[in-house]
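Taken in order, these protein sequences are the chains called A and B.
This note's numbering puts the first residue of the first sequence at 1, with every later residue one more than the last.
This note's numbering puts the first residue of the second sequence at 237, with every later residue one more than the last.
These are computed hints drawn from the structure, not numbers from a lab.
Incorrect hints may appear among the rest.
[To be verified] Below 25 Å or equal to it, Euclidean Cα-Cα: the simulated DSS-like pairs (lysine-lysine) are:
{"#": "1", "chain 1": "A", "residue 1": "Lys158", "chain 2": "A", "residue 2": "Lys90"}
{"#": "2", "chain 1": "A", "residue 1": "Lys55", "chain 2": "B", "residue 2": "Lys283"}
{"#": "3", "chain 1": "B", "residue 1": "Lys283", "chain 2": "A", "residue 2": "Lys220"}
{"#": "4", "chain 1": "A", "residue 1": "Lys90", "chain 2": "B", "residue 2": "Lys424"}
Chain by chain, the residues run as shown.
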Amino acid sequence: MLRFDLLILGDTGWGDELLISTIMPILVSLSAMGLGVFIAIFTAWAKISDNILLKLFANFYTTVIRGIPELLVIYLIFFGGSSSIMYVGKIFGYNGYIELHAFTMGTISIGLISAAYSTEVFRGAYSAINKGQAEAANSLGLSRLQTFLKVLAPQILKHALPGLGNVWQITLKDTALVSVTGLVEIMRQTRIASNVTHSPLTFLLSAALLYLILTTFSSKVFNKLENYSNKNKVVV
Amino acid sequence: MDFELAYNNFFIIITGLDETLILVIISLSLGFIISIPFSIARASSNKILSNSVYYYVFVIRGTPLLVQIYLIYFGLGTIPAVRESFLWIVLKEPFWCGVIALVINTVAYTTEIFRGGIESVTKGQIESCKSLGMNKFTMYAKIILPCAFRQALPGYGNEMILMVKSTSLISLTTYMEMTGLARNIMYKTYAPIEAFLAAGSIYLFLNFLVVQFIKFLEWKYNPHLRIKS
Numbered sequence: 001m002l003r004f005d006l007l008i009l010g011d012t013g014w015g016d017e018l019l020i021s022t023i024m025p026i027l028v029s030l031s032a033m034g035l036g037v038f039i040a041i042f043t044a045w046a047k048i049s050d051n052i053l054l055k056l057f058a059n060f061y062t063t064v065i066r067g068i069p070e071l072l073v074i075y076l077i078f079f080g081g082s083s084s085i086m087y088v089g090k091i092f093g094y095n096g097y098i099e100l101h102a103f104t105m106g107t108i109s110i111g112l113i114s115a116a117y118s119t120e121v122f123r124g125a126y127s128a129i130n131k132g133q134a135e136a137a138n139s140l141g142l143s144r145l146q147t148f149l150k151v152l153a154p155q156i157l158k159h160a161l162p163g164l165g166n167v168w169q170i171t172l173k174d175t176a177l178v179s180v181t182g183l184v185e186i187m188r189q190t191r192i193a194s195n196v197t198h199s200p201l202t203f204l205l206s207a208a209l210l211y212l213i214l215t216t217f218s219s220k221v222f223n224k225l226e227n228y229s230n231k232n233k234v235v236v
Numbered sequence: 237m238d239f240e241l242a243y244n245n246f247f248i249i250i251t252g253l254d255e256t257l258i259l260v261i262i263s264l265s266l267g268f269i270i271s272i273p274f275s276i277a278r279a280s281s282n283k284i285l286s287n288s289v290y291y292y293v294f295v296i297r298g299t300p301l302l303v304q305i306y307l308i309y310f311g312l313g314t315i316p317a318v319r320e321s322f323l324w325i326v327l328k329e330p331f332w333c334g335v336i337a338l339v340i341n342t343v344a345y346t347t348e349i350f351r352g353g354i355e356s357v358t359k360g361q362i363e364s365c366k367s368l369g370m371n372k373f374t375m376y377a378k379i380i381l382p383c384a385f386r387q388a389l390p391g392y393g394n395e396m397i398l399m400v401k402s403t404s405l406i407s408l409t410t411y412m413e414m415t416g417l418a419r420n421i422m423y424k425t426y427a428p429i430e431a432f433l434a435a436g437s438i439y440l441f442l443n444f445l446v447v448q449f450i451k452f453l454e455w456k457y458n459p460h461l462r463i464k465s
C-alpha cells in the first residue's frame with residue numbers, strides 16, 4: 001500500500017535517492033537528443049540528396065529503427081556491443097568479460113532511436129521550405145555552405161521545432177528502458193527501493209509523477225521556444 | 237556473427253509470434269472500441285467531460301509505458317483490497333496485466349487521434365445532418381464517425397505500429413513473447429546479436445504488414461483520392 005513516510009529525504013527515506021536518480025534521465029536524454037540531432041542532420045541530408053546509395057542507406061536506417069521495438073534496439077546495442085568488443089578482445093588474446101559503460105551505451109542506443117525520428121522531422125522541415133529560397137541565395141552568389149548555414153538551416157530549424165519537441169518527449173520516455181542495462185535512473189532506483197521496502201506502489205507512483213513533471217516542464221520549454229521562433233511572424 | 241545460430245533462433249522466436257499477435261490484436265481492438273466514446277467526450281462542448289478526458293490523456297502521454305506496466309503488474313497487487321476482490325483473477329496473470337496496460341496506453345493516444353478526426357468534420361456537414369432531422373446518434377454513427385475515421389487513418393496507422401513495438405515491453409513482466417524468448421536465448425547462448433536480429437526481423441515484417449494494411453484501408457475508404465485511369 002501507499003507509504004509516504006518512505007519518501008522523505010535523508011537516510012530513512014528514499015526521497016533523496018529518487019530525486020538524484022532523476023538527473024540521469026535528463027542527462028541521458030539530453031546527450032541522446034544531441035547525438036540524435038547530429039546524426040539526423042546527415043541522414044536527412046542523405047535522404048534528400050540525389051545519390052541513390054546514400055538515400056537507400058538512410059531509408060534503410062530509419063525504416064529499421066522505427067520498425068523494431070526500442071527495447072530490442074537497446075538490447076542489441078548494449079549486449080551486442082559488449083559481445084562484439086569481447087570478440088575483438090579475443091583476437092588480441094584477452095578472454096575476460098568486458099562490460100560496457102551503461103551510460104554511454106544507453107545514450108548511443110537512445111540516440112540512434114531518436115536520430116531516426118529526427119531525420120523524418122528534418123526532412124519534412126526541409127520540404128516545407130520554398131525551393132526558390134535556395135535558388136535566390138545561389139543567384140546572389142552565396143556558396144553552397146553559406147546557403148545552407150545562412151538561409152536554409154535557420155528556417156529548417158524553425159519548421160522542425162514542433163517535431164523536435166515530439167521527438168524529445170519520445171526520447172525522454174525511452175530513457176525509462178535504459179534501466180535494463182543496469183544504469184541507475186528513475187526506474188532502476190524505483191525497483192531497488194520497492195524490493196527493499198516491499199512497497200512498489202508508492203515508488204512507482206512517485207516515478208510516474210517524476211516523469212510527468214519532466215515531460216510537462218519540457219513541453220513548456222518547447223512552447224516558449226516555438227513562440228520565440230515565431231516572434232517575427234506577421235499575422236495577416 | 238553466426239548465421240546458422242541466427243537461423244535456428246529465428247524458428248524458436250517465431251513460436252512467440254502468436255503471443256505477440258494476441259496481445260496486439262486484443263489491446264488494439266479493445267483500445268479502438270473504448271477510444272470512440274472517449275474521443276466524442278473529448279471533442280464535446282461539455283467542459284467537465286472534455287477536461288477529464290484531457291487530464292487522463294495528459295497523464296498517460298506524459299509517463300513512460302514501462303511505468304504504467306509496472307504500476308499494474310507490481311503495484312496493484314500490493315493493495316489488499318485488489319488481492320481479495322475478483323480483480324485478482326485477472327491481475328495475477330502477466331498477460332492480462334499487459335493487456336490492461338497496453339489498452340490504457342493506446343486509448344490515450346487513439347483518443348487524441350480520433351478527436352482530430354472528429355474536429356475535422358466541417359460544420360456544414362453537421363448542419364445538414366440537423367436540417368435533415370437526424371438525431372445525435374444517427375449523426376455520429378452515419379456521418380461524423382465515418383468521416384473522422386477516414387481522416388484519422390494515417391495517425392491511427394502510426395499508433396498501430398507503436399502498439400506492435402510496445403508489446404515487447406510486456407516481456408519484462410515474465411510474459412514470454414518474442415522479445416522474452418530472444419532474451420532467454422541470449423542468456424543461454426551468450427550470442428545477443430544473433431538472438432535480437434532474429435526477433436527484430438520478425439517485428440520489422442509485422443510492421444511492414446501493418447503499413448500495407450493501413451495503405452489498403454486508406455485506398456479503400458478514400459475512393460475520391462484514387463487516380464482514375
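Status of each hint after checking the structure:
1. Taking the CA atoms of Lys158 (chain A) and Lys90 (chain A), the gap is about 49 Å. The hint is violated against a cut of 25 Å.
2. Restraint check: the Cα-Cα separation between Lys55 (chain A) and Lys283 (chain B) comes to about 48 Å, which exceeds 25 Å; the hinted pair is violated.
3. A distance of roughly 23 Å separates the Cα atoms of Lys283 (chain B) and Lys220 (chain A); the hinted pair therefore holds under the 25 Å criterion.
4. Taking the CA atoms of Lys90 (chain A) and Lys424 (chain B), the gap is about 20 Å. The hint holds against a cut of 25 Å.
In this structure, the earlier hints numbered 1 and 2 are contradicted, and the remaining ones agree with it.
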